[in-house]
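Here's the letter readout for the chains.
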Amino acid sequence: MAFDRKKFKVLHNKRIAKDVYCLELLGDTRAIKCPGQFVNIEVASYYLRRPMSIADWKLGDETTGKLIIIYKVVGGGTAEMAKIAPGEFLDLLVPLGNGFDINVDTTHPLIVGGGVGTPPLIALAAQLIACGKIPQVVLGFQSEEDVFAVDTFQKMHPEVTVHVATVDGTLGTKGFVTHVMEHLTYDYIFACGPIPMLEAVVKMGGALPGQYSFEARMACGFGACMGCSQQTTTGYKRICKEGPVLWKEDLQWLI
Amino acid sequence: MVDLSVNLSGIHLDNPIIPASGTFGFGQEFKDLYDLNILGSISFKGTTRDERLGNPLPRIAECTQGMLNSVGLQNPGYRHVIDQELPALEKVYHKPVVANISGFSIDEYVELAAAFDKVDCVGILEINVSCPNVKNGGMSYGVSAQSAAEVTRAVKAVAKKPVYIKLSPNVTNIVEIAQACEAAGADGLSLINTLLGMRIDIRTRQSVLANKVGGFSGPAIFPVAIRMVYQVGQACHIPIIGMGGVSSAQDVIEMMMAGASAVQVGAANLVNPWACQEIIEELPKTMEALGIKKLTDIIGIPL
Ligand SMILES: Cc1cc2nc3c(=O)[nH]c(=O)nc-3n(C[C@H](O)[C@H](O)[C@H](O)COP(=O)(O)OP(=O)(O)OC[C@H]3O[C@@H](n4cnc5c(N)ncnc54)[C@H](O)[C@@H]3O)c2cc1C
Ligand SMILES: Cc1cc2nc3c(=O)[nH]c(=O)nc-3n(C[C@H](O)[C@H](O)[C@H](O)COP(=O)(O)O)c2cc1C
Ligand code: FES
Chain R
1 MAFDRKKFKV
11 LHNKRIAKDV
21 YCLELLGDTR
31 AIKCPGQFVN
41 IEVASYYLRR
51 PMSIADWKLG
61 DETTGKLIII
71 YKVVGGGTAE
81 MAKIAPGEFL
91 DLLVPLGNGF
101 DINVDTTHPL
111 IVGGGVGTPP
121 LIALAAQLIA
131 CGKIPQVVLG
141 FQSEEDVFAV
151 DTFQKMHPEV
161 TVHVATVDGT
171 LGTKGFVTHV
181 MEHLTYDYIF
191 ACGPIPMLEA
201 VVKMGGALPG
211 QYSFEARMAC
221 GFGACMGCSQ
231 QTTTGYKRIC
241 KEGPVLWKED
251 LQWLI
Chain H
1001 MVDLSVNLSG
1011 IHLDNPIIPA
1021 SGTFGFGQEF
1031 KDLYDLNILG
1041 SISFKGTTRD
1051 ERLGNPLPRI
1061 AECTQGMLNS
1071 VGLQNPGYRH
1081 VIDQELPALE
1091 KVYHKPVVAN
1101 ISGFSIDEYV
1111 ELAAAFDKVD
1121 CVGILEINVS
1131 CPNVKNGGMS
1141 YGVSAQSAAE
1151 VTRAVKAVAK
1161 KPVYIKLSPN
1171 VTNIVEIAQA
1181 CEAAGADGLS
1191 LINTLLGMRI
1201 DIRTRQSVLA
1211 NKVGGFSGPA
1221 IFPVAIRMVY
1231 QVGQACHIPI
1241 IGMGGVSSAQ
1251 DVIEMMMAGA
1261 SAVQVGAANL
1271 VNPWACQEII
1281 EELPKTMEAL
1291 GIKKLTDIIG
1301 IPL
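In order, the protein sequences belong to chains R and H. Going by this note's numbering, the first sequence opens with residue 1, and the numbers climb by one from there. Going by this note's numbering, the second sequence opens with residue 1001, and the numbers climb by one from there.
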């Protein structure tokens, strides 16, 4: 089966930064293949589902599987999500999208996250570490009050270094993730964030290989409507199906 | 046992449920979700002569009980559809399909109709006249009785298979256009296509869609679709495939009572990929509850 429609039980829905919430769900996660995949969530009184990255998961059936989603309230649908209480059930299409491929040639991977582009990089970092590829992590936010997930990365492994950049300089390096990247050495880039950030990171990475996760307005999320189809160097790709992760060689249009 | 079967111009359908063009691709995204052979038929993605890359993103905007799309008829072109997509669909779906055809000139409609007419698995040609006529200032063929009839006549001249004209609701008098298509030889009518709409993001002061305007579909348009199917059904004597906002077995019954011989389900597939399967499973129970023995008994009942 490509993906399924599953009910997940809400365990927690906690605020972790300004307008940012961590949703912990109980449900069948057995179909999830890799970090970077996403789910499409039915939200009460909204017609379209809301696509959200899988931040992390624990493999298991409906009584043992766990799924973490970290989301920011940016409009009506996510504001509705913030009201969801433990014990409620959510209807998810799971899993969607291609996700990151960690079986790539790298010894010093760099992980770059911008704002709520950070969540899918959490499971990615954990899996890279599990196969001995310790990443350096650079996270960019607007301001200190927006920062989340730093501890999560830090606690994964003693050798993981986490660098933070804030636009207003209230925490870490003042400026953008690329300001931090200037001082680091790495041989592979994994990134997720807003398109202007991805564009800057691709440029900064020069000839280095990498995988970049994109967002697009979606209707179905599973390839049926062509609503998210985006031209890339290697042809048209549906961000929901051939993406959301695009590879460096797909991205010449960004540079 | 209730009888769900219907007939479209001599083509037998086990039940009236057909996924609508543009919301089901060429079936591949759904084939692992349920057995497609439960469907009455499938209307595949609108196909043009040449590959079309579609409009820039964003192409989707949410609305209350519906959505806008400005996909812009992205499709791989009819040769690829005939050589690749339909053979792949035939492997998983064994009934006649509805070939949804779009054109930007009469010649293009004719070329595609003639090509799909020769394809074995195609049961019905569904001619989408909502496309702009590039030779006539981009005005859609579907907005005037004269140009809709012109497309109908030209396509009928080359097609042996039943020709259904898919009407645009963005017109002053859909009945007049439907009658013109009937007079020009159409075997049936499909309605409605999407309603032209627009959304603005009040924070960024930009239209949500890069194309600014797009087609409105989903439950919000259901009353408009019912009204149009009803009015056209009263005035014409050819079968109608009704669509627009259908999301449940009750909606299917209502659409058939309005005058539809079969029913397409569009946007509902996008928010619930199992929508058609669930509707087909619900239909017998809904019919029993309403005392309906045969679906054909309720098509265009006197209201
Ligand atoms: C593959 C993917 C993964 C994502 N992962 C996350 C995540 O882990 N955490 C997180 O906070 N956000 C994530 N997003 C963005 C998230 O989907 C949007 O923030 C959310 O849909 C906004 O809904 P809303 O009703 O609050 O906003 P509104 O602006 O009111 O939404 C209106 C419509 O636009 C869509 N929309 C608005 N913003 C976006 C956006 N940035 N991307 C896609 N669609 C949008 C909505 O889904 C809805 O259909 C992801 C998006 C995609 C495509
Ligand atoms: C994403 C999307 C793409 C569509 N593409 C086509 C198309 O290629 N050709 C066509 O005739 N209609 C197309 N339609 C219109 C539908 O087939 C249908 O007429 C309309 O959406 C109304 O039904 P609904 O409310 O059930 O969606 C499209 C609709 C949607 C939502
Ligand atoms: S959102 Fe429908 S194809 Fe990607």
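To be clear, the hints were calculated from the coordinates, so they are not data collected in a lab. Don't take each hint at face value.
[Claimed, not checked] Result set (DSBU-like, lysine-lysine): computed pairs, CA atoms no more than 35 Å apart in a straight line:
#1 R:Lys248 / H:Lys1031
#2 R:Lys237 / H:Lys1293
#3 R:Lys66 / R:Lys18
#4 R:Lys66 / R:Lys241
#5 R:Lys83 / R:Lys248
#6 R:Lys133 / R:Lys58
#7 R:Lys237 / H:Lys1118
#8 R:Lys133 / R:Lys248
#9 H:Lys1156 / R:Lys7
#10 H:Lys1118 / R:Lys7
#11 R:Lys237 / H:Lys1212
#12 R:Lys248 / H:Lys1118
#13 R:Lys203 / R:Lys7
Quick rundown of the hints versus the structure:
{"no.": "1", "hint": "R:Lys248 / H:Lys1031", "in the structure": "31 Å, holds"}
{"no.": "2", "hint": "R:Lys237 / H:Lys1293", "in the structure": "47 Å, violated"}
{"no.": "3", "hint": "R:Lys66 / R:Lys18", "in the structure": "24 Å, holds"}
{"no.": "4", "hint": "R:Lys66 / R:Lys241", "in the structure": "23 Å, holds"}
{"no.": "5", "hint": "R:Lys83 / R:Lys248", "in the structure": "38 Å, violated"}
{"no.": "6", "hint": "R:Lys133 / R:Lys58", "in the structure": "21 Å, holds"}
{"no.": "7", "hint": "R:Lys237 / H:Lys1118", "in the structure": "31 Å, holds"}
{"no.": "8", "hint": "R:Lys133 / R:Lys248", "in the structure": "20 Å, holds"}
{"no.": "9", "hint": "H:Lys1156 / R:Lys7", "in the structure": "49 Å, violated"}
{"no.": "10", "hint": "H:Lys1118 / R:Lys7", "in the structure": "45 Å, violated"}
{"no.": "11", "hint": "R:Lys237 / H:Lys1212", "in the structure": "22 Å, holds"}
{"no.": "12", "hint": "R:Lys248 / H:Lys1118", "in the structure": "43 Å, violated"}
{"no.": "13", "hint": "R:Lys203 / R:Lys7", "in the structure": "41 Å, violated"}
Violated hints, in rising order: 2, 5, 9, 10, 12 and 13; the structure is consistent with all others.
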